[in-house]
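Using the sequences and the accompanying hints, generate a full structural model.
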Amino acid sequence: MSGLYLGVASFLLLTIVVGLIRIVRGPTPADRILAAQLFGTTGVAALLLLAQGVSSPPLRDVALVLALLAAFAAAAFVRRAWTGGEE
Amino acid sequence: MSAEWFGWIFDILLALALPVLAWRVLITRNLYQAVILFVAFGLLMALAWVRLEAPDVALAEAAIGAGITGVLFLDALGYLRDRRRGGEADERG
Amino acid sequence: MRAAIVRAGLLAALWWVLSGGAWSSWLFGIPAIAAALYLGFRLGSGGWRWTFAGAVRFLPFFLWRSLSGGIDVAWRSLSPSLPLDPDLIEYEFRLPETPARVFMSNAISLLPGTLSAEYADEKVRVHTLLRGPGAVRELERLEERVAGLFGLEMASRGDRA
Amino acid sequence: MTVILNALSAALILAGAFFFLAGTVGLLRFPDVYTRLHALTKADNLGLGLVVLGLLLQVESLSEGVKLLVIWGLVLAAGATAAHLVARTALEHDIRLWRRRE
Numbered sequence: 001m002s003g004l005y006l007g008v009a010s011f012l013l014l015t016i017v018v019g020l021i022r023i024v025r026g027p028t029p030a031d032r033i034l035a036a037q038l039f040g041t042t043g044v045a046a047l048l049l050l051a052q053g054v055s056s057p058p059l060r061d062v063a064l065v066l067a068l069l070a071a072f073a074a075a076a077f078v079r080r081a082w083t084g085g086e087e
Numbered sequence: 001m002s003a004e005w006f007g008w009i010f011d012i013l014l015a016l017a018l019p020v021l022a023w024r025v026l027i028t029r030n031l032y033q034a035v036i037l038f039v040a041f042g043l044l045m046a047l048a049w050v051r052l053e054a055p056d057v058a059l060a061e062a063a064i065g066a067g068i069t070g071v072l073f074l075d076a077l078g079y080l081r082d083r084r085r086g087g088e089a090d091e092r093g
Numbered sequence: 001m002r003a004a005i006v007r008a009g010l011l012a013a014l015w016w017v018l019s020g021g022a023w024s025s026w027l028f029g030i031p032a033i034a035a036a037l038y039l040g041f042r043l044g045s046g047g048w049r050w051t052f053a054g055a056v057r058f059l060p061f062f063l064w065r066s067l068s069g070g071i072d073v074a075w076r077s078l079s080p081s082l083p084l085d086p087d088l089i090e091y092e093f094r095l096p097e098t099p100a101r102v103f104m105s106n107a108i109s110l111l112p113g114t115l116s117a118e119y120a121d122e123k124v125r126v127h128t129l130l131r132g133p134g135a136v137r138e139l140e141r142l143e144e145r146v147a148g149l150f151g152l153e154m155a156s157r158g159d160r161a
Numbered sequence: 001m002t003v004i005l006n007a008l009s010a011a012l013i014l015a016g017a018f019f020f021l022a023g024t025v026g027l028l029r030f031p032d033v034y035t036r037l038h039a040l041t042k043a044d045n046l047g048l049g050l051v052v053l054g055l056l057l058q059v060e061s062l063s064e065g066v067k068l069l070v071i072w073g074l075v076l077a078a079g080a081t082a083a084h085l086v087a088r089t090a091l092e093h094d095i096r097l098w099r100r101r102e
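Chains as they are written, first to last, in the working numbering: chain A, 1 to 87; chain B, 1 to 93; chain C, 1 to 161; chain D, 1 to 102.
Certain hints may be false.
To be verified - Computed, partial: chain C to chain D, Cβ under 10 angstroms:
| hint | residue |
| --- | --- |
| 1 | Leu63 |
| 2 | Gly70 |
| 3 | Asp85 |
| 4 | Asp87 |
| 5 | Ser109 |
| 6 | Pro112 |
| 7 | Leu115 |
Everything labelled a hint here was simulated from the structure, so no lab data went into it. Where a beta carbon is used, it is the ideal one built from N, C-alpha and C, also for glycine.
This is the structure in structure tokens:
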């Protein structure tokens, strides 16, 4: 089973890395902050799978922190930093 | 297909993505984009600490490296923008 | 007072889960629970009175709809012709209370083809993936279930086109 | 028994991976930020839900299972709220939505 967990975790890491193209491309600031969304869910899933795959329960806490931080990053971005539609 | 094999794939992906991302953070002109890439780098770095069997460091990296630093950077950018706008208003007035 | 005890019990259960049940963790857990209780009442998050029967009906509905929401969007993103025809609509709430409305506008984004884009007191603006009456029907069904969940009577809407 | 459980768990996790793939494809292919939000919010949350269900079949203690469910619920609530915030701010900044006929 642990081969499956690590395999799917690798696959999820790949979808994250490919998704980063969208941050680089933009074009609007809104498109860039979608990365927080991507990490919040995909990163959490990858960490939970790793936790099971290498049987290390503390990794679930890392997943929990990741979930919280992604939400914070999105909120901070729209509240503070977003200047408008320009590049 | 053993777990070890997939572990290798995961590590190689990380090892390729991290330097590319670090390079992009450094060369990106648009500061907002650079901050978001920096946060992304921090999160991937947290995954790297996980693979190095240091979940406590991973936790600190995610919370401090990506989270708090990222939010502070975003706030600083917002502050810079406000000041720049304030300056323009002063010149006009 | 009773609400405070129930809430403290829930928070303690949450702490037990998060800390993995280690005894020494309560040294930090008890102050954290006290702080959470204080903040909760200070910020006035009251009025979340849901009914058990409503929850039993809401949960399967919500899980089923978000399952079809995921399948729907997955099919659209993988289909070569990109079958999208987005639109922005306004939906007027029939729910009488604010907490239920906020809850509903969050749930909207997980349903098939709808994304809540702006929330004002009486209505919500919803971005839809597909033009047409399907989205409104989806929202009406959700609103009925949310009303059931919170045990609320909905205002009647006589002449809605 | 364990064999059936393992197979079911593996099927759920693989199904979850499929929805993550669909979410990323949507993120890259969809034409504007609103439609991309649809793709990420719905597909990724469903993917995480399926992965969590698959892992739930393997848990060894009650608190472990509840923790998985708490994480899922948290991501669900945070994801829906963040999607709403981003969409609302995009509207405020007059980011036009893509339409089929224009």
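Structure-based check of all given hints:
no.	hint	in the structure
1	Leu63	holds, 8 angstroms
2	Gly70	holds, 3 angstroms
3	Asp85	holds, 4 angstroms
4	Asp87	holds, 8 angstroms
5	Ser109	holds, 5 angstroms
6	Pro112	holds, 8 angstroms
7	Leu115	holds, 5 angstroms
The structure meets every hint from the earlier list without exception.
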